[in-house]
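From first to last, the protein sequence lines stand for chains A and B. One gets our numbering by counting positions in the first sequence from 1 and adding 402 to each. One gets our numbering by counting positions in the second sequence from 1 and adding 402 to each.
Hints in this document: simulated from the structure, not taken from any laboratory. Don't take every hint at face value.
Identical chains blur together in the list; that is why a pair holds if it fits in one copy or across any two.
Stated by the list, open to error - Calculated lysine-lysine pairs in the DSBU-like style (CA-CA distance at most 30 Å, straight line):
1. Lys605 <-> Lys513
2. Lys657 <-> Lys494
3. Lys667 <-> Lys723
4. Lys643 <-> Lys412
5. Lys494 <-> Lys438
6. Lys438 <-> Lys499
7. Lys643 <-> Lys723
8. Lys667 <-> Lys628
9. Lys727 <-> Lys667
10. Lys622 <-> Lys576
11. Lys512 <-> Lys605
12. Lys513 <-> Lys438
13. Lys723 <-> Lys513
14. Lys512 <-> Lys657
15. Lys436 <-> Lys494
16. Lys436 <-> Lys512
17. Lys494 <-> Lys727
18. Lys499 <-> Lys657
19. Lys513 <-> Lys436
20. Lys634 <-> Lys576
21. Lys576 <-> Lys605
22. Lys499 <-> Lys624
23. Lys727 <-> Lys512
24. Lys512 <-> Lys723
25. Lys723 <-> Lys622
Number of protein chains: 2
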Amino acid sequence: MYCVAIEDIKDAAIRIEGIAHRTPVLTSTSINQKAKRNLFFKVEAMQKTGSFKFRGALNAVKSVVSEQPDDEIMFVSHSSGNHAQALALAAKLSSQKATIVMPNNTPSVKKAAVADFGASIVIVENTNEAREDKATEIVNESGGVFVHPSEDPRVIAGQGTVCLEFLEQMGDIKLDVVIIPVGGGGLAAGNVMTLRSLQPGIKIILAEPSALDDAYRSFKEKTLLKHADDNKLESVADGLKTTLGPNTWPIIRDKVDSIFTVSEKEILQATKLIWERLKVMIEPSAGVGVAVALSEEFAHTYGNAHNVGIVLCGGNVDVVKIAAKMDQYAIDD
Amino acid sequence: MYCVAIEDIKDAAIRIEGIAHRTPVLTSTSINQKAKRNLFFKVEAMQKTGSFKFRGALNAVKSVVSEQPDDEIMFVSHSSGNHAQALALAAKLSSQKATIVMPNNTPSVKKAAVADFGASIVIVENTNEAREDKATEIVNESGGVFVHPSEDPRVIAGQGTVCLEFLEQMGDIKLDVVIIPVGGGGLAAGNVMTLRSLQPGIKIILAEPSALDDAYRSFKEKTLLKHADDNKLESVADGLKTTLGPNTWPIIRDKVDSIFTVSEKEILQATKLIWERLKVMIEPSAGVGVAVALSEEFAHTYGNAHNVGIVLCGGNVDVVKIAAKMDQYAIDD
């Protein structure tokens with residue numbers, strides 16, 4: 403048994419309808435020529451708060467609120483990134499409160515985005531332990547509800563609505579392969595469940611930076627692994643730094659076809675390609691899936707794939723910083 | 403009498419249908435909060451070849467081909483930018499040939515884009531005279547058809563389809579104001595004709611960089627002016643360097659409500675805002691219209707405007723270069 407079933411994902415879709423955006427599916431003739439196949443991009447960068455995270459956070463918040471309709475609820479989580487903004491807005495739109503624990507190295511622009519949505523921010527030391535301890539403390543004191551960024555089944559079910567929409571939007575065109583970036587695995591697990599349930603024969607590939615390859619190594623060893631102790635976790639795809647957990651891992655272990663890794667240079671190249679050709683501002687974490695689709699390894703293994711879907715997971719990016727990295731890596735066209 | 407009428411624009415829409423993209427209209431809650439009104443963006447950055455120019459080029463090519471269905475036709479123009487790619491692709495898709503005269507300082511990536519579409523390229527000195535002389539020479543020698551980037555009435559009619567679509571896509575929501583960037587004036591003239599014909603009371607504003615203010619000065623003086631001789635034409639909005647001509651000017655003179663200019667810093671700020679919030683990769687020329695909508699002058703003059711449409715004219719941009727400019731101008735969020 404897995405922590406979510408397709409019914410949970412369909413319920414989530416109903417719960418978030420009309421509040422979360424139905425994000426567009428875009429294509430580019432010139433990218434297709436380069437990839438030598440048709441790539442269909444599901445643009446979660448254009449989701450509210452700039453990433454798919456809003457789906458899961460909203461599903462979690464609305465699930466709790468519908469069970470406790472008369473209560474004032476404090477939603478609590480720890481995140482320096484997209485989940486923080488997503489939960490803050492989801493709580494606000496449901497007239498509830500949120501407190502987000504953020505590490506002390508969080509950029510001020512990210513803190514401002516969360517504060518703009520009316521959430522409280524608690525700053526702690528930049529360790530997993532400090533974050534988790536503080537979140538637990540706040541939950542205990544406030545009687546609040548903790549919403550884990552990737553392990554909460556309501557979050558996983560919400561993320562699974564991405565590919566529910568994607569398959570609907572494709573209409574008569576059948577996707578042979580879908581590529582999904584993997585970090586904590588909430589997006590991956592939810593959508594693997596959706597895809598495997600609705601189109602059992604589809605090939606499902608997860609995409610990960612070589613520098614953050616816990617999912618790749620876990621999948622290879624068939625056992626849940628963390629990052630190696632000496633891994634400095636330095637990647638432009640900073641949204642994928644988190645690791646799989648006990649809820650996301652079994653789904654990924656059992657239902658995914660391949661996990662591919664790509665280099666920093668490949669990620670930056672793919673990100674630039676999407677910026678320049680699709681005209682969509684994605685974050686490098688979203689470029690990871692594109693890089694896989696353009697890789698030799700993909701062509702070698704899935705060369706026959708005609709129609710490939712790629713989830714562009716988010717678009718929250720410090721453009722100036724990433725453009726400087728592109729310059730540094732001498733990424734050209 | 404003007405060089406185009408609304409009927410020409412409606413004919414153009416039929417001619418280009420199914421080949422040119424029906425580009426999306428996008429909105430952003432956070433941008434609306436910042437602007438204190440609703441901004442609706444017509445995203446021509448997602449048009450084929452990355453700008454609205456494809457509409458006009460395609461209308462010109464298809465008009466000529468339908469009049470001379472049995473001939474092999476050579477289409478000729480001079481352009482270092484978006485019109486070059488647009489005409490090259492329009493000719494290719496109609497199984498015809500194109501020759502583009504480009505100045506010798508054209509970036510190699512732009513030459514490559516034109517060559518990729520199968521057009522011939524002729525390099526000349528970087529003066530208007532050299533370009534025009536060479537284009538005339540080629541037309542004379544080849545018996546080809548010259549398609550001016552902004553003065554050709556078929557081009558102007560094609561560009562006017564942008565707002566034809568835009569008004570349709572808005573459905574029941576009525577735009578109070580539309581803002582259009584102005585360079586050579588093809589986009590402006592065509593869409594001014596469309597808007598004034600279909601919704602006579604709408605306010606029409608053209609947007610121009612202060613550094614390239616020929617349209618602003620012409621409008622103020624009620625006489626067609628070129629750039630001042632000592633104007634170094636240095637703007638990040640390089641797509642707007644060209645000036646109005648005898649076909650575009652009368653429409654603009656008679657039918658526009660205001661022309662506003664904005665600084666380089668305002669253009670870069672607005673461009674960054676669209677990148678980060680709308681998640682669309684626009685070129686700074688498209689940021690010019692956004693900068694006007696966010697300006698104090700606009701709020702002062704059109705403060706009552708509730709729904710404002712903005713044409714995001716193109717998305718062909720050297721991201722690394724423009725991001726470095728943003729850094730240099732200390733553009734923050």
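Q.
Reference check for the pair Lys643 and Lys412, CA-CA at most 30 Å: within, between, both, or neither?
A. within (28 Å within a copy, 52 Å between copies)
Q) Is the C-alpha distance from Lys494 to Lys727 at most 30 Å within one copy, between copies, in both cases, or in neither? A) Neither. Shortest intra-copy (35 Å) and inter-copy (36 Å) distances fail the 30 Å Cα cut-off.
Q: At 30 Å max between alpha carbons, let me know whether Lys723 reaches Lys513 within a copy, between copies, both or neither.
A: both (18 Å within a copy, 28 Å between copies)
(Q) Within, between, both or neither: how does the pair Lys513, Lys436 come out at a Cα-Cα threshold of 30 Å? (A) between (39 Å within a copy, 18 Å between copies)
Q: Can you give me the call for Lys723 and Lys622, within, between, both or neither, at a CA distance of at most 30 Å?
A: neither (34 Å within a copy, 41 Å between copies)
Q: Pop the pair Lys727 and Lys512 into one bin, within, between, both or neither, using alpha-carbon distances up to 30 Å.
A: both (20 Å within a copy, 23 Å between copies)
Q. Is the C-alpha distance from Lys436 to Lys512 at most 30 Å within one copy, between copies, in both cases, or in neither?
A. Only across copies: Lys436 and Lys512 sit 17 Å apart there, 35 Å inside one copy, limit 30 Å.
Q. Given a CA cutoff of 30 Å, do Lys667 and Lys723 count as a within-copy pair, a between-copy pair, both, or neither?
A. both (15 Å within a copy, 19 Å between copies)
Q: If the cutoff is 30 Å on CA atoms, where do Lys499 and Lys624 land: within, between, both or neither? Let me know, please.
A: neither (40 Å within a copy, 57 Å between copies)
Q: At 30 Å max between alpha carbons, let me know whether Lys657 reaches Lys494 within a copy, between copies, both or neither.
A: neither (35 Å within a copy, 45 Å between copies)
**Q.** Identical-chain pair category, Lys727 with Lys667, by Cα at 30 Å
**A.** Both. Shortest intra-copy (9 Å) and inter-copy (23 Å) distances satisfy the 30 Å Cα cut-off.
Q: Can you give me the call for Lys605 and Lys513, within, between, both or neither, at a CA distance of at most 30 Å?
A: Neither way: Lys605 and Lys513 sit 38 Å apart in one copy and 39 Å across, limit 30 Å.
Checked against the numbered hints above, the structure violates hints 1, 2, 11, 14, 17, 18, 20, 22, 25; every other hint is satisfied.
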